[in-house]
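Make the complex out of the two chains shown on their own, each in a separate frame, by following the hints.
For the protein sequence lines, the chains are A and B, in the order given.
Position one of the first sequence corresponds to residue 1 (the numbering used here), numbered consecutively onward.
Position one of the second sequence corresponds to residue 1 (the numbering used here), numbered consecutively onward.
Simulated DEER-style distance windows between Cβ atoms:
1. A/R38 - B/E105: 30 to 38 angstroms
2. A/T11 - B/K122: 46 to 54 angstroms
3. B/G81 - A/R161: 46 to 54 angstroms
Heads up, incomplete: computed chain A residues facing chain B, CB under 7 angstroms, no partners named:
4. I36
5. H102
6. N106
Because the hints were derived from the structure by calculation, they are not lab data.
Only a predicted model underlies this, so the values are computations on that prediction, with no experimental measurement involved.
Every residue gets a Cβ at the ideal spot worked out from N, C-alpha and C, and that includes glycine.
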Amino acid sequence: MRHFEFHQPRTLKEASNLLGRLGPGAMVYAGGTDIIPRTRLKRLHPDHLVNIKRIPGLSGVQRKGNTLTIGALTTFNDIIFSDVVNSNLPILAEVARTIASHQVRNLATIGGNLCNAAPSADSAPILIALGAALSVCSPRGKRRVLLEDFFKGPGRPNLKRGEIVTHVLLKKPRPTVGCAYMKHKIRQSLEIAITGVAVALDFAGGECRDARVIVGACAPTPVRARQAESLLKGSALGAQDLAAAADAVRKEISPIDDVRGSAEYRREMTALCLKRAAEIAVRRCGK
Amino acid sequence: MKLLDVLREELNLTGTKQGCGTGDCGACTVLMNGKAVNSCLVLALDAAGSEVTTIEGLSSKNGELDPVQKAFVKHGAIQCGFCTPGMILAAKDFLGRIPRPTEAEARDAISGNLCRCTGYAKIVEAVVEAHKYE
Chain A
1 MRHFEFHQPR TLKEASNLLG RLGPGAMVYA GGTDIIPRTR LKRLHPDHLV
51 NIKRIPGLSG VQRKGNTLTI GALTTFNDII FSDVVNSNLP ILAEVARTIA
101 SHQVRNLATI GGNLCNAAPS ADSAPILIAL GAALSVCSPR GKRRVLLEDF
151 FKGPGRPNLK RGEIVTHVLL KKPRPTVGCA YMKHKIRQSL EIAITGVAVA
201 LDFAGGECRD ARVIVGACAP TPVRARQAES LLKGSALGAQ DLAAAADAVR
251 KEISPIDDVR GSAEYRREMT ALCLKRAAEI AVRRCGK
Chain B
1 MKLLDVLREE LNLTGTKQGC GTGDCGACTV LMNGKAVNSC LVLALDAAGS
51 EVTTIEGLSS KNGELDPVQK AFVKHGAIQC GFCTPGMILA AKDFLGRIPR
101 PTEAEARDAI SGNLCRCTGY AKIVEAVVEA HKYE
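Isolated chain B (complex conformation) (with noise of 0.2 angstroms):
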């Protein structure tokens, strides 16, 4: 069994999505010990004694949205919604790299995500712009 599919099944987290299940699409992206990962690609078995985060668990315990989400809502990085949780983990993972990328970086860093609306101009410049939101 894969990670994404106990996120999924066994867990109920839904916010993180399969699309194509090849680690092509990057919709399942979460992030392991803080690096983000496909998570089709990953075994259950082997995610053990990891820590993993997905979207749901992005956001502060009293609610309050990372600054990665405000700054998605605040562009309208958003059509469809099904790439948006891999597309924001991917974001997170490479903020903390380059917390103020160009726009050449903030499109390097959603290269390994797919979004099928091909609503991208609004991603990259949520991603270019979260630091404005810390």
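For reference, chain A alone in the conformation it holds in the complex (with noise of 0.2 angstroms):
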């Protein structure tokens, strides 16, 4: 394995001076499923990794009135199993089940997943459908950047130097809203999204009055389908107006052949999750 320093800062002050002083070859260290393999198989090539886990306060899940704040170290097991996620946004502990395996949940990090900026991220698209934010701290203060804005391409996250994602905050959505995420895979477990759409519905009185619908795995960074969305919105949610979002939602993406799949079959599981997952989230509405 390739040579490294590694440093273990007590305090987010200490962590992000250390990171702008260290320069590019420097990494933010979290959970390390990512950057172990990835090191080993020289596909990165750290000089040093900041382990940001003896820093106290940025692990948990917490509830203040409608606002959810989940510290960057919480790890997808620690969703799954929080009462707070559990009876306030269950679908994050239902998203959370479909990355990786338990051993990797145990390690993984929410802000890892979010800040290797991978297309495939599966915590992305659900985390944009609900409208989170970033809170990212460096040593010329604190600013919060919504997730929508934070992606720049794959592997590319809206960081500068110095820069540590502390915290993903989230409102509470109000009880006509109903959420889905559907994941095309081929295994159960260990496997990454051919395609994967989130879609988060605001259905009341037959008529849908706000939709949100991102696509990951589909393009260099998750994508908003501006013009399913669109389609969804002011409608009854009937098939018809299903199947008119998930043929636009072909056209908004803009995806690659690679092993998991053609570019033309995830255009049309993309299609088909879409339709999936909005069937799904009706049901979820007002519940």
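Now the structure itself:
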């Protein structure tokens, strides 16, 4: 394995100063489930790893009023077993269960999943659908960025040197909102999405008041399918409305051909996943 | 250095196996603070201060096997044996939360572990029945 220096700062300030000082060869280390195998396979070449797990206050899910705060170091199993998640936003636990394996979910963090900026990151589409924002800390202070604006390309998060994502912030949706995530995969576990569609629908009185459709693994970043959203919005969410949105989403993504599927296949499966996710989301509205 | 390398190469605890080395096969599963993790994905430095249980540490001090181990023996849930330590530790973590799993739950319990002999049927049986050996 490559030689690198391992730093274990105790405070955020110390960590972001270190990252600023060490330069581009330094990486934030959290769960390690991506950094370690990718370093071993010589796809990453870090000179310094800055372990942020010794910094207190970056783990766990809290609710204050209607706001849920998820620490960046919260693992996917923390999310699956969190009472706050299961009683307020169970869709997050449902999505977490689609990720990797139990062993990996005991290590992998939500902050790491987002900061890797993989187009197929399973946590991204649903969080964008829910309007999540990230709290980012640097030596210059704190800022907040909408997750929708966080991804610049594969492996390229919207972060400057020295910046560390500390929390994911989101509002508990209204009771009229229903959500679903449909991940298309061949295996039951340890699988990367061929396509993944998150849908959040606000449906009451027979009319869709708001709709969010986000597709992962089908473009350089997760994609918000605005055309599909506008077709759902204002409709009665009948079979024809879902079919129209599914038809529209094909043109809103730019998938590639790779070992997991051809671009053409991904377009078809994305349309199907959108339809199925929307059907599930509608049934969850008002519950 | 990874936790797996320290266990095998420095401490000579070779019960923990290295399969893929990338977190996909589960052969290197150990318990870290009671939770199943792939020891090939943990830096040894990062495990400092944690309690790590390998397959060598699962039986009691007088050598009596853990109930999960007994169930694996009784059900012949073993072929070449390479995946067995990882399977048992994954099952151990899972059975701590769900002591009497259904067959579907038992399959889920070992879904992070590959058996290269494809001998899953007896492993699932052993996980379902493990509570009987308490």
